[in-house]
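As they're listed, the protein sequences go chains A and B. Each residue of the first sequence is one higher than the one before, counting from 1 in this note's numbering. Each residue of the second sequence is one higher than the one before, counting from 1 in this note's numbering.
Hint data in this document are derived by calculation from the structure and do not stem from the laboratory. Warning: the hint list may mix true and false statements.
[Said to hold, decoys possible] Lysine-lysine pairs mimicking DSSO-like chemistry, simulated, CA-CA at most 30 Å apart:
| hint | chain 1 | residue 1 | chain 2 | residue 2 |
| --- | --- | --- | --- | --- |
| 1 | A | Lys-155 | B | Lys-155 |
| 2 | B | Lys-155 | B | Lys-17 |
| 3 | A | Lys-307 | A | Lys-17 |
| 4 | A | Lys-307 | A | Lys-241 |
| 5 | B | Lys-56 | A | Lys-155 |
| 6 | B | Lys-59 | A | Lys-165 |
| 7 | B | Lys-17 | B | Lys-2 |
| 8 | B | Lys-241 | B | Lys-318 |
| 9 | A | Lys-59 | A | Lys-318 |
Quick caveat: nothing in here was measured; it's all calculated off a predicted structure.
Here is how the chains run, residue by residue.
2 protein chains.
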Amino acid sequence: MKKVLILMELNSRQREKLEAAGAGADITFSRPELVSEEEIQGANVIIGLPRADMIKASKNLELLQLESAGADAYIVPGVLDEKTRLANATGAYSQAVAEHAFALTLMLQKKLHLYRDEQRAARWRDRGIVGSLRGATVAVVGLGDIGGYYARLVKSMGAYVIGVKRRPGPCPEYVNELMLTGQLDEALPRADVIMSVLPNTVATRYIYTDRSFRLMKNSAIFINCGRGNAVSAQTLYSALKDGQIAAAGIDVAENEPLPEDSPLWGLENLVITPHVSGGHHLPETVERIADICAGNLRSFLAGEPLKNLVDFSTGYRK
Amino acid sequence: MKKVLILMELNSRQREKLEAAGAGADITFSRPELVSEEEIQGANVIIGLPRADMIKASKNLELLQLESAGADAYIVPGVLDEKTRLANATGAYSQAVAEHAFALTLMLQKKLHLYRDEQRAARWRDRGIVGSLRGATVAVVGLGDIGGYYARLVKSMGAYVIGVKRRPGPCPEYVNELMLTGQLDEALPRADVIMSVLPNTVATRYIYTDRSFRLMKNSAIFINCGRGNAVSAQTLYSALKDGQIAAAGIDVAENEPLPEDSPLWGLENLVITPHVSGGHHLPETVERIADICAGNLRSFLAGEPLKNLVDFSTGYRK
């Protein structure tokens with residue numbers, strides 16, 4: 001009998017969904033902070049986000065089904081045995097993260113962060129000209145499920161969308177123009193908004209350099225809802241402090257939590273949210289994660305093909 | 001020769017547009033704070049926003065073309081002679097105001113105002129569950145150009161839209177359901193978001209009472225981008241303080257500027273912007289105003305029908 005260890009926080013209905021999918025298996029519910037190394041080592045399937053250092057390339061582990069989209073902690077050599085299959089929850093987060101990025105974009109365009117500051121000082125003060133997505137050019141860097149969802153939102157407001165992705169392919173209907181990651185430097189100078197939602201891979205680490213920000217318009221807005229190490233804190237700070245770009249909104253930071261003494265906190269033209277765009281903040285997200293996990297658990301036990309398998313070499317969905 | 005007095009702030013291209021439209025007339029450019037009462041009294045056409053107390057029902061004034069959508073200051077008895085025609089710039093502001101209201105809606109749903117406050121304290125702190133427009137019910141109260149534009153935006157994000165308007169008519173394609181202002185109390189309990197964009201008329205003054213807010217969901221978000229006296233400061237304060245609704249965003253206040261000692265400033269679950277959603281904050285708005293004014297000036301001089309005429313008895317476009 002397969003041993004299935006479920007480490008997600010679920011409501012009773014979601015729990016029943018997983019129990020039904022795992023009928024015939026030996027299911028244990030626990031939490032990452034409570035589970036023992038013995039339980040981890042004995043499991044044939046783990047669903048959730050176990051501590052990577054407790055897995056130790058366990059030979060018993062046949063499937064690790066993550067509840068996150070990012071898989072970076074588990075593709076590090078030595079964490080998983082080469083025979084372990086790794087699946088993520090890509091797709092479950094697209095609505096939540098894309099809407100958060102969209103809200104950040106509009107907040108910055110309409111200067112609502114500055115008006116919030118004025119409000120705190122009880123000041124009825126006009127902060128001048130605002131922007132609009134209508135007629136704006138938006139570069140969406142990383143055109144997976146989240147990037148695609150965001151692209152649809154900004155396009156519906158009248159933006160011209162440049163999608164930037166790794167691999168060539170047909171131009172989806174929700175972008176106006178497709179460019180490859182290698183052409184990023186050509187996209188940046190044209191964009192009024194750059195929304196980056198890149199995963200953490202060797203190729204995306206520090207992909208935005210000082211030069212990248214110099215290539216952007218001085219009026220540009222930069223949004224990062226992918227991984228924090230796409231840009232160093234120092235580079236981002238300089239770009240905003242020196243006015244290379246107008247404003248930025250980040251849900252991720254090079255080091256998380258962002259250290260209390262980081263100079264980024266104090267920048268007027270930067271809005272920081274504490275890695276909350278995804279997670280379980282939107283109730284619909286948890287439903288979708290539970291559906292993905294239940295579907296893959298059922299397929300695994302039936303010996304059928306799995307969805308959302310992650311390619312160890314790229315960190316992306318296969 | 002007709003005397004035309006233009007009191008708007010325009011760039012040179014917009015100025016030329018108006019000069020071309022007024023060819024053959026005697027055009028003077030000035031500013032409301034600089035213009036003399038003699039100039040006001042002598043004008044046959046005024047374009048802009050003259051001080052209402054300087055007009056004194058001038059018999060010379062044949063057309064007052066406002067650069068605003070709201071006409072409330074000019075429909076007060078004694079301001080305009082009954083023969084003066086009054087036109088507003090309705091339509092020019094729809095994109096700007098609707099986008100501002102939309103940005104406020106998303107900011108509140110995603111708790112970005114709370115994250116801005118946390119940022120100011122250098123705190124990386126999770127503020128919990130957020131909302132979404134997808135699947136939400138949005139009541140748009142006031143279904144003119146601005147309300148219609150906003151309705152399209154929220155509907156494109158997946159909201160179910162209840163449009164609330166004065167007069168019965170066919171249901172436009174950008175709302176799911178139409179209700180009359182008299183049915184407001186039936187719409188309020190169903191709405192996750194109430195976006196109000198009512199003009200200032202006798203019928204809309206203090207239309208939202210303590211009871212209105214008690215009828216709303218405790219999780220509701222209230223947005224006011226119309227006129228501040230649709231709700232008293234005291235009623236709004238109590239509703240937010242007592243948790244009758246979750247949050248509100250206002251671009252208008254009962255008294256403007258909002259007094260420095262107003263308790264509204266300090267409410268965490270209220271976002272205040274200083275009547276900036278319209279005005280000249282979005283460059284496209286000024287273009288559209290100039291187009292409306294130039295069009296009506298040309299039509300007036302040619303003896304042709306005017307657009308955007310305001311009904312003195314209601315304050316609405318005829």
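Going through the hints against the structure:
1. Only pairs whose Cα atoms come within 30 Å are accepted, and A:Lys-155 paired with B:Lys-155 is accepted, the gap being roughly 14 Å.
2. Taken as a hint, the B:Lys-155 and B:Lys-17 pair is broken in the structure, with Cα atoms around 36 Å apart against an allowance of 30 Å.
3. Only pairs whose Cα atoms come within 30 Å are accepted, and A:Lys-307 paired with A:Lys-17 is accepted, the gap being roughly 17 Å.
4. Between A:Lys-307 and A:Lys-241 the alpha-carbon distance is near 44 Å, which puts this suggested pair outside the 30 Å criterion.
5. For the suggested pair B:Lys-56 and A:Lys-155, the alpha carbons sit about 49 Å apart, so the restraint of at most 30 Å is broken.
6. Using a Cα cut-off of 30 Å, the hinted pair B:Lys-59 and A:Lys-165 is violated, with the two alpha carbons roughly 66 Å apart.
7. Proximity of B:Lys-17 to B:Lys-2 is assessed by CA-CA distance (about 18 Å); at most 30 Å being required, the pair is judged to hold.
8. Between the alpha carbons of B:Lys-241 and B:Lys-318 the distance comes to roughly 40 Å, so the proposed pair goes past 30 Å and is violated.
9. For the suggested pair A:Lys-59 and A:Lys-318, the alpha carbons sit about 22 Å apart, so the restraint of at most 30 Å is met.
Of the numbered hints stated above, those contradicted by the structure are hints 2, 4, 5, 6, 8, listed in ascending order.
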